[in-house]
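Protein chains in written order, with this note's numbering: chain L, 1 to 289; chain Z, 1 to 260; chain D, 1 to 371.
Simulated from the structure, these hints should not be mistaken for laboratory data.
No farther apart than 30 Å at their CA atoms in a straight line, the calculated lysine-lysine pairs in the DSSO-like style are these:
1) D:Lys72 <-> L:Lys196
2) D:Lys146 <-> L:Lys196
3) L:Lys180 <-> D:Lys72
Simulated coverage check for chain Z against chain L, where a stretch passes if three residues somewhere in it have a Cβ under 8 Å from a Cβ of chain L:
4) 3 to 10
5) 142 to 151
6) 238 to 246
Computed from a prediction, not measured in an experiment: that's the story for all the values here.
By construction, the Cβ of each residue, glycine as well, lies at the ideal position given by its N, Cα and C atoms.
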Amino acid sequence: MNKLSRLKGILPTIGPGALWLVIFTLVPTLLIFYTSFLQRDPHGWLSGPFTLENYRRFFGISESGIDALYLKILGRSILLGVVATMVSVVIGYPFAFFVARSQHKNLLLLLVVLPFWTNFLIRVYAWIVIFQRKGVLNAILHSLGFEPVFLYPSWTAVYIGTIYTYLPFLILPLYASVEKIDWTLLEAAYDLGAGKLRGFWHAIFPQTLPGLVAGIMLVFIPAVGTFVISDLLGAGKTILVGNVIQQQFGSSRDWAFGSAAAFVLMAAVMAGLWIYARRAGEIGMEELV
Amino acid sequence: MSSKRWLTLYGILVLLFLYLPIAVIVVLSFNDSKYGVVWHGFTLKWYKQLLEHTRIHPYVWNSAIVATTSTLASTILGTLLALGLHRYRFSARNALLFLLYVPVVIPDVVMGVSLLLFFAWAQRTINALHLGIGTVIISHISFQIAYVTLVVKSRLTGLDPGLEEAAADLGASGWVRFWKVTFPLIAPGIAAAALLAFTLSLDDFVITFFTAGPGATTLPIYIFSSVKRGVTPEIHALSTLMILVTTLALIAVQRVQMRR
Amino acid sequence: MEQRRLFKGKRTRTPGGDIIVRLEGVRKRFDNDTSALNGVNLEVRSGEFFSLLGPSGCGKTTLLRILAGFEKPDAGRVEIAGLDMNGVPPYRRPLNMVFQNYALFPHLNVFDNIAFGLRMKRLPDIEVRSRVDWAMELVDILGLEKRKPQELSGGQRQRVALARALVNEPEVLLLDEPLGALDYKLRKQLQVELMNLQEDLGLTFIYVTHDQEEALVMSDRIAVMRDGSIEQLGLPEELYERPSSRFVAQFLGTSNLIPAQAVGEKEVDTAFGRLRISKKLKKGDRVTLSIRPEKVRLSRTASLQYNLVDARVDDIIYTGAENQYLLDINGFELVAYTLNSDIQEPGFEEFDYDEKIVVHLPEENLVVIHE
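Work out the full structure, taking the sequences as your base and the hints as a guide.
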């Protein structure tokens with residue numbers, strides 16, 4: 001293929017899409033980075049000079065020591081991400097095998113995909129109805145003779161809501177890997193003296209890794225950055241990084257500080273992605289799609 | 001109980017967990033009671049109320065327009081991009097691939113505010129891209145492109161390269177080969193990608209939240225602000241209808257796939 | 001590995017070791033109601049190269065898997081090294097298997113794959129190292145330690161699978177059609193290597209294959225299976241020269257099958273006249289005579305008294321070393337092979353299409369099958 005025909009091929013195909021991505025994905029991202037070094041000006045917009053003030057404020061660094069306000073919020077967000085991911089894995093891992101080994105694979109898959117495609121706001125606000133003072137949970141407890149619990153608003157509700165929302169995001173890519181498992185490897189492991197547990201660990205688990213890692217990413221990243229779930233189920237009492245960003249770009253109108261917070265969040269997530277990409281490459285990504 | 005039985009029991013429990021909230025909403029949408037969850041009888045009045053609530057109609061319309069337009073654009077752009085990436089190797093390829101993964105893995109919030117920021121800059125510098133339906137559509141396309149490209153690209157990778165070679169051997173030139181051989185084979189993949197993009201758009205809240213202007217309210221935005229004021233059976237009715245539409249769409253897709 | 005011995009000739013060695021595997025009345029039925037095994041009885045001696053031969057679906061693989069412990073028999077007894085294997089899981093049986101698709105662990109390199117069984121037994125690293133090195137040298141894959149299975153060729157993977165099993169020094173090695181995925185030349189080479197390996201190490205091999213030539217070449221004894229039962233069991237020569245059924249006669253090599261009826265003690269009536277045979281029959285017995293194509297003698301002139309038949313050459317197939325003649329005897333088809341040895345003597349002549357020749361069916365080569 002000579003240079004000219006190659007160019008004639010590349011431009012119309014790659015051109016438009018690449019251009020779009022550059023303008024509407026790369027540039028906005030760079031803008032966030034740029035804005036994080038600016039300041040809010042009296043007219044509600046942004047002005048120079050460049051400063052690290054926003055980052056200092058986020059990390060709470062000042063003369064009088066470290067004010068961990070935002071760091072704690074970041075920590076809580078990461079904690080939510082980690083816990084939600086771990087619980088999703090615990091719940092979802094056996095479930096993926098349940099579906100793969102079942103005779104009704106297609107039906108079960110459909111049943112998992114339906115909540116996945118249901119609007120996520122519906123799936124979140126439903127927990128309000130379940131957890132509110134006169135909600136479903138308390139109605140059931142009452143009829144069984146128990147005292148009511150006050151899970152709305154609460155961190156518990158936020159946690160449960162997060163796990164619930166993102167569970168299908170773990171199950172589906174994981175299932176893609178589980179479905180392709182070569183079970184003769186397990187027989188080989190047994191033949192070589194591995195018992196049931198070690199056989200599973202050495203022969204089956206490694207085969208589930210691509211889907212598992214993809215699934216973990218699909219849960220962790222949105223969970224860390226969520227603001228809707230904490231807003232709805234925490235009713236303003238549970239503040240996560242997502243909420244901070246949303247407030248700064250909303251009512252507080254301090255877009256510079258909000259950009260700094262957004263950038264910190266993004267950096268944390270990108271670091272994770274880069275490490276993952278190094279180890280698992282494109283395979284995992286294609287599993288998830 | 002054998003381990004298979006335990007696994008089945010477990011599977012059913014997880015399924016119940018997944019459907020509990022959905023079931024609650026659906027059931028309550030037929031409940032003849034404005035507050036609370038105690039069953040007071042079956043009624044369709046909330047649905048009636050919903051349909052009469054003409055204020056909501058533009059939201060449905062907006063969601064539909066945004067989803068359709070953005071899906072169309074992103075499917076075309078994304079498919080072309082996938083083709084180019086699949087076929088050609090060039091120096092910026094890896095950078096482009098990385099850029100492609102950004103919308104997929106970045107938290108919604110960050111993408112939303114970055115676009116808001118971008119539009120604000122554009123407004124102040126070139127006096128364009130004021131918030132409205134247009135900005136929402138642009139934002140949706142921006143994340144849809146990534147998904148469409150990745151899906152179509154993976155289908156392309158799975159294609160047997162021998163097929164195009166056979167076509168060339170039989171006398172088909174470049175574009176002819178594409179339309180007669182490649183395209184029919186990846187068409188299901190493109191359809192799947194389009195469906196994915198459409199669903200992502202209909203479902204999107206966070207990015208729309210930041211980039212919508214007045215008059216650009218979509219259904220998810222409406223549900224969010226409504227629920228913040230207080231959960232009503234009317235919202236349950238709306239939700240149930242949305243769930244119904246999703247279910248029907250899924251079954252239709254399954255049917256189509258089965259027939260192949 | 002040295003190719004010291006390329007040709008073993010006919011294996012006349014009758015292994016006299018102890019019985020190391022014994023199956024009694026093993027039965028197995030699968031969910032879809034196909035009967036995989038119908039009461040199989042079998043004894044394998046220590047140091048034997050024993051083959052299970054048969055077409056797909058005959059139950060040979062099921063039998064192997066029952067031995068390995070991956071399937072439980074519905075009835076019957078499985079004994080390995082004198083121990084009853086009832087309830088014993090695969091990881092506690094003194095045997096190892098070479099899988100048909102190799103089943104190498106893709107996330108481990110060659111060394112770790114081979115070392116797997118040893119590490120399961122928690123052997124010290126030094127011993128693991130030395131034993132893996134020994135196994136790798138045995139199958140001639142030194143230098144590939146760090147490679148992953150995906151980076152190996154089919155033949156190399158096969159050797160890794162073999163090494164992985166051998167390194168554990170099992171009492172019995174089970175091989176499930178290990179050479180099926182390899183090309184012809186490589187298969188032939190590995191057949192010889194496997195045979196030498198088995199003899200050098202003195203191991204017992206139980207080998208499953210559907211390739212009858214492979215079984216004939218490699219085995220000390222063969223069990224021909226069909227529809228869940230053993231049709232005939234014996235030395236390769238026994239099965240080839242004296243098949244006990246039409247199925248065995250046709251499955252091993254090619255055979256001419258001639259329906260016949262006894263009219264005297266050693267005389268039968270067939271579609272092409274009376275033939276003398278070397279086995280005593282009762283008058284009126286209906287049997288089938290089997291004669292191998294290479295035993296059929298062709299000539300232009302009649303030189304003997306009996307078992308001569310007139311034939312016309314219908315077709316000739318040239319396979320390089322042989323000429324295969326399809327002969328027409330009044331509508332009945334007979335196959336005969338002659339060697340292309342370029343010797344111009346009676347018995348080594350070459351014939352032409354449509355030529356009328358004389359066929360001699362030597363009585364000692366007419367095998368009687370009671371079917």
